[in-house]
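For the sequence shown, the positions run -24 to -1, 1 to 133 when mature numbering (1 follows the signal peptide of the UniProt record, and there is no 0) is used.
It should be emphasised that the hints constitute simulated quantities derived from the structure, not laboratory data. A portion of the hints provided could be inaccurate.
[Claimed, not checked] As a list, the in silico SDA-like pairs of lysine to any residue whose alpha-carbon atoms are at most 25 Å apart:
#1 Lys103 to Leu(-8)
#2 Lys103 to Thr9
#3 Lys103 to Leu(-14)
#4 Lys103 to Ile(-9)
#5 Lys103 to Cys(-5)
#6 Lys103 to Phe125
#7 Lys103 to Glu37
#8 Lys103 to Leu122
#9 Lys103 to Leu114
#10 Lys103 to Gly72
#11 Lys103 to Glu(-23)
#12 Lys103 to Ala66
#13 Lys103 to Thr60
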Amino acid sequence: MEGSRLALIILRVWLILCACVVLGTSVDLANYTTSRDIQEFCKVVENSSNCNLHGLVAAVEFTAFAGAWGLIAALLGLISAFITAIPWVAVAVIDGLACIFYFAGGVRLAVWISDYPCRGTHCTELKADTAFLFLGLLTTLVLIALGFFWQRGSRKF
């Protein structure tokens, strides 16, 4: 197996891990914020009943979608490493959409975290979700670049 193909496979497996973490933490946070009293969660987050939890719920639900999309994109990319019938352009487009979703979700959660002094277990989940969104974004950008160079033939990948 070529070294570059092995690198693509390793990066895809890492991307699957990132997407699973994003999806899992986002779903857990969405369940927590919708199954409990909003005022109770606001007290946990910042010892106040005046937080913008509705914005957080929407952001967390979007990041769950971003994690699911990223998981589908990573699995498709991993399959395309073995099955050449899948066009690389299709994989690149799906990866590009994953980049947009990872970026939008990561920025939204980062803004929410910076606006509210957050502490506790669920705040740690929010921070982990944000970190893995950005790790997924960076990994996907690297994969798009590697796929582009590999297909263009400018380097032997």
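Hints and how they fare:
no.	hint	in the structure
1	Lys103 to Leu(-8)	holds, 16 Å
2	Lys103 to Thr9	holds, 16 Å
3	Lys103 to Leu(-14)	holds, 22 Å
4	Lys103 to Ile(-9)	holds, 19 Å
5	Lys103 to Cys(-5)	holds, 15 Å
6	Lys103 to Phe125	violated, 33 Å
7	Lys103 to Glu37	holds, 15 Å
8	Lys103 to Leu122	violated, 29 Å
9	Lys103 to Leu114	holds, 17 Å
10	Lys103 to Gly72	holds, 24 Å
11	Lys103 to Glu(-23)	violated, 37 Å
12	Lys103 to Ala66	violated, 32 Å
13	Lys103 to Thr60	violated, 38 Å
In this structure, the earlier hints numbered 6, 8, 11, 12 and 13 are contradicted, and the remaining ones agree with it.
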